[in-house]
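2 protein chains.
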Amino acid sequence: MEAIEKVLTFIVEIEKLKDVQRNTKPVGLERYENSAEHSWHVCLSALMLHSFSNEAVNIDRVIKMLLIHDLGEIDAGDTIVYASETAAVKKEEIAGIQRILSLLPDDMGNDFFTLWHEFESGDTADARFAKAIDRVPPLLHNIHGDGHSWKKHGISKEQVFSVNQRIGQGSEVLWSVMRGKLEEAVDQGILE
Amino acid sequence: MEAIEKVLTFIVEIEKLKDVQRNTKPVGLERYENSAEHSWHVCLSALMLHSFSNEAVNIDRVIKMLLIHDLGEIDAGDTIVYASETAAVKKEEIAGIQRILSLLPDDMGNDFFTLWHEFESGDTADARFAKAIDRVPPLLHNIHGDGHSWKKHGISKEQVFSVNQRIGQGSEVLWSVMRGKLEEAVDQGILE
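First to last, the sequence lines map onto chains A and B.
So in the UniProt record's numbering the end of the first sequence lands on 192, straight run, no missing numbers.
So in the UniProt record's numbering the end of the second sequence lands on 192, straight run, no missing numbers.
Mixed in with the good hints, there may be bad ones.
Identical chains share a label here; the pair holds if one copy fits it or two copies do between them.
Said to hold, decoys possible - Here are the simulated SDA-like pairs of lysine to any residue, each with C-alpha atoms no more than 25 angstroms apart in a straight line:
(1) Lys181 - His153
(2) Lys16 - Asp78
(3) Lys152 - Asp19
(4) Lys16 - Glu30
No wet-lab data here; the hints were simulated from the structure.
What you are looking at is a predicted structure, and each value in this text was computed from that prediction instead of being measured.
Bound conformation, chain A alone (with noise of 0.2 angstroms):
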């Protein structure tokens, strides 16, 4: 009874999430995306692609690491994957997912602490795999959406290659398809 009263504090814990804001529109939207249903979108997204992964990847592990990789922050707050990440902003998404975590009965947090972690280094297969699934909606997002985000914040198509490149560590025929598409994005000036 303790334990479940736990988890369901968690539970509602959690729901802050959906209060983060993104930095880009879903497709067709008007206001911007939040990190709760964001993190639903590349679960989606992950299943569906991990048959192009680069290495063999355990799905369900994946999935995982995918459901919580934007815990940390409900404390910390989004930022735009092509700002440097400050070591205060790193300090402070760690301790958000370990409060988040303690929440839970027992040790269970400890195990899921890990896998957060194994995302966040990005050494191993299904993190790579997970991290480069993670970038292709913001730029869906973008091609879709007449740049909007890429625009606001003064991002420039050398930027947006050289950062999104890190896909191909996960899976290079995806990465290959999405730099044809943002290679076109570029030629309907909607990237510069």
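Once you've looked at the hints, dock chain B against the given chain A.
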């Protein structure tokens, strides 16, 4: 390449679930929840609660079920659980999920349609648990949100107890805890 393009079309199409409005507001927020962020929330809820299932479940299958369970709403919209489900709405949801999954390459969509149908039927341990979890956050939204959705739709305590006792089919102990919370809500006058 062509297969990846198809998956990317699917990934863009399912963005629309972020625009499907549900009938409750997340705890602490003034706006209604959408079905995409709800899907994330129930996946993580299931992950943290699966040890309390009546029967052994495959949590990886449960999570996949919950990732896709609302995709039919992109065409059909969300229906409040207290409304009788009409054959017309059900037909629209089936057509909706089939349309969405048919965007995927090869026969990928078939397995997910089978999984969606298993969830809807609720006849397996995995589906019973998934359906139980799907009912929990809307109750928490009302309990922590002055019964806003119950009041708006004129839902009585008899309806709330009767409809949600189905949680017990997935987890008796979870239903026992939730029933206690609902009884408190009655004592506090937010559920009548």
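Hint check:
In this assembly of identical chains, Lys181 and His153 lie within 25 angstroms of each other by CA distance solely inside one copy; the values are 20 angstroms within and 46 angstroms between copies. Taking the closest pair of Cα atoms, Lys16 and Asp78 come within 25 angstroms of each other both inside a single copy (13 angstroms) and across two copies (22 angstroms). For a Cα distance limit of 25 angstroms, the shortest separation of Lys152 from Asp19 qualifies both inside one copy, at 21 angstroms, and across copies, at 23 angstroms. Taking the closest pair of Cα atoms, Lys16 and Glu30 come within 25 angstroms of each other both inside a single copy (21 angstroms) and across two copies (12 angstroms).
In terms of the numbered hints stated before, the structure departs from none.
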